[in-house]
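Residue numbers (the numbering used here), protein chains in the order written: chain A, 3 to 265; chain B, 905 to 1258.
Watch out, some of these pointers could steer you wrong.
With a straight-line cut-off of 20 Å between C-alpha atoms, the simulated SDA-like cross-links for lysine to any residue are [unchecked claim]:
id, chain 1, residue 1, chain 2, residue 2
1, B, K937, A, E226
2, B, K937, A, P154
3, B, K937, B, L1110
4, A, K76, A, L86
5, B, K1033, B, S1113
6, B, K937, A, E113
7, B, K1033, B, P1108
8, B, K1034, B, K937
9, B, K937, A, K76
10, B, K1033, B, N1112
11, B, K1034, B, S1113
12, B, K1034, B, L1044
13, B, K1033, B, P1117
14, B, K1033, B, L1044
15, B, K937, A, L86
16, B, K1033, B, D1115
17, B, K1033, B, L1049
18, B, K937, B, G921
19, B, K937, A, N155
20, B, K937, A, R48
21, B, K1033, B, D1109
Partial selection, computed: residues in chain A whose CB lies under 7 Å from chain B [stated by the list, open to error]:
id, residue
22, T44
23, V156
24, V161
25, F171
26, A175
27, M178
28, M182
29, V218
30, W262
Examples of chain A residues toward chain B, derived with CB under 10 Å [what the hints assert, rightly or not]:
id, residue
31, I90
32, V129
33, F157
34, L159
35, S168
36, L205
37, T235
Hints are computed from structural coordinates only; laboratory data are not their basis.
Where a beta carbon is used, it is the ideal one built from N, C-alpha and C, also for glycine.
Here is what each chain is made of, one letter per residue.
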Amino acid sequence: MRAPDRTTPFLSETRTGGSLVRRLDARAKILGMIGFTMVVVTTPARAVWAFVLYAAVLAFLIGLARLPLRYVLKRALVVVPFVLVVAIFLPFFHKSGAGGYSLGGARVTGEGLLVLWNAGAKAVLGVLSMIVLGSTTTFAEMVSGFERLRAPNVFILIVSFMYRYSFVFVEEALRMQRAMASRNYRARWLWNVPTLGHMLSALFLRSYGRGERVYVAMLSRGYEGTVRLGNGTAFGLAETVFLGTILGLVIAIRVSASLWGAG
Amino acid sequence: MHIPDGFVDVPTAVATGAVSLGVVAYSVRRTSKDLGERTIPLLGVTAAFIFAAQMLNFPVAGGTSGHFLGAMLAVALLGPWAASIVLSVVLVVQALGMADGGITAMGANVFNMGVVAVFVGFGLFYLLKKLLPRTLTGYLISLALASWVSVVLASTAASLELAVSGTVPVGVALPAMVSVHMIIGLGEALITTAVVTAVLAARPDLVNSFDLPIEAARRTAARPGVPATGRTRFWSFVVGALVVAIALAVFISPYASGSPDGLERVAADKGFETAAAQQPVWRFSPLGDYQMPGVGGERIATAVAGLIGTVALFALVLLLGRAFGRRRLVSAPQAAGGRSELPPGRSPDRSSTL
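The following block holds chain A by itself, in its conformation from the complex (with noise of 0.2 Å):
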């Protein structure tokens, strides 16, 4: 369900140099960018001020980050397809509640309004927190990122392997996609479909081949079954500083959001 868009770099490595999170430990972004997405999705919908807080604190990091505004903008279109579905189903939702309004024979109540805008915000900021993590953060960081905070060693193995592979993959794809096009051929209906399948069916074979050699090649160079994803940074004051704060700033919102929730 979604729309990918190729003119942006695969898996984002427009990075912005120098920027302070950008240097940061991936361990404090990843800890801190999943927590902050944790706590926001429990906080009670009701509490509309407490989202404005989070989005506050979101937009500082983005800041801090000197991530591109369109960019941002841009990559968080992932969530329309949903919450549009969301919003084609409200009329459907009879529950009571106050406030609401009606449209033609359909109503929307205020309860159903709530629930839109409860899934929509916490996937606005559920987005923004992850485009802060992906585009602060390489690919090799986060990985080794994943590999000190103890993730099993079959996953990071995986990952990296799959990471190398996919550059094979999309470029093989993209190639396809660009002979076809050049050719005046668009697959418009379901019984194109094995058309596409042909074609996929050629990319696995193409870029199996092509792995197993990279895969032969890494062997004959001493490959002896793990990656050493670079030397990694430590986890010092400016990762502490900055975890804390994340997490501190969000629970302080969180926990006032439950104290005085719908004020």
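With chain A held as given, fit chain B onto it using these hints.
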């Protein structure tokens, strides 16, 4: 189908997360036993392939499109345990790297696509392989049916999770989501079968689930495909899809209708006030609650309603598609000039995604 943050509530997220974590952890243990020297790279390649293939939207009708899921492809190539690991890895990378699918909805997403789609699909695949004749055709038919079911079930699970969380009303969302994915599932089945057929012809050693003699895989490679003109292909597609859809509507809908009712009851017990009784949602629908007046027997009535609904929906989609198709054909010459200006790799007709 990648659920974002906030769409599932905390109990649902925790429950699905716990189940997914357990299944994936067990899969890791199962796979580690037979992790040969080449297994990790093969898993990595398959993960990368599914990652790339999920970016490729395939057309459904007119401008709408769905995207490939890949659960049954991974099962066919790697077996169910490795497949569930591969799909979870893909989902984690999509959530962290591309903000696609929420981090707190990860449990639910892995449950739908890495557990339900993989294991139910595998079970059906295994069963059908036993029931159908042991030929390449039997194998491919089992694979196609299992792929279709895996997509439909994954979307069912997703809409049930959203409904239990109180984000969408179950009575409307479930039929809508499932019927859309019944069509998307056809694309999934076609692609999975095409890819596995090609891999079987070229490298049968890579297809883990293929248990026939190797010669059976090779035979198809020599058989030339029947060249069909656009028109015959169009009508054979229409007839085939209609037959499948009607069969499903008649045989499956009476059983499918049981589960939302159960869920509505749970929702009511939990305090979500489903006021469907006072204000029927389907008031303007002639086939209210999927039942025909005057047709005896609840099961039969539901089946008949399902049949009529399917035919009507099919006719509607076909008419809309033909109408839009005509217009596209007429405007094609002028559009062709502008199209070359598009960045490479960007398909010009992606107007909406499912």
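| Restraint outcome when A:L159 is required to lie within 10 Å of chain B by C-beta distance | 5 Å, holds
| request: Against chain B, run the beta carbon of A:W262 and see if the smallest gap drops under 7 Å. | output: 21 Å, violated
| task | Mind checking the alpha carbons of A:K76 and A:L86 for me, to see if they're no more than 20 Å apart? | result | 17 Å, holds
| said: Just to be careful, I want the Cα atoms of B:K1034 and B:L1044 compared with a cutoff of 20 Å; is the pair within it? | reply: 13 Å, holds
| field | Pairwise hint evaluation, B:G921 against B:K937, where the allowed Cα distance is 20 Å at most | value | 25 Å, violated
| field | Pair hint B:K1033 and B:D1115, alpha-carbon separation not exceeding 20 Å | value | At roughly 10 Å apart (the allowed maximum being 20 Å), B:D1115 and B:K1033 satisfy the hint.
| query | Regarding the pair B:K1033 and B:L1049, is the alpha-carbon distance no greater than 20 Å? | reply | With Cα atoms ~11 Å apart, B:K1033 and B:L1049 stay inside 20 Å; holds.
| Can A:S168 be said to touch chain B, with a Cβ gap under 10 Å? | Given a least distance of 4 Å, the restraint on A:S168 holds.
| said: Check whether the Cα positions of B:K1033 and B:P1117 lie no farther apart than 20 Å. | reply: Satisfied, since the Cα-Cα distance of roughly 14 Å is no more than 20 Å.
| Proposed interface contact between A:M182 and chain B, which counts if any beta carbon pair is under 7 Å | 9 Å, violated
| Restraint check for B:K937 with A:P154, where alpha carbons must lie at most 20 Å apart | The hint holds at about 15 Å.
| task | Using 7 Å as the Cβ threshold, decide whether A:V161 counts as touching chain B. | result | 6 Å, holds
Hint violations for this structure: numbers 6, 8, 9, 15, 18, 20, 27, 28, 29, 30, 37, all remaining hints satisfied.
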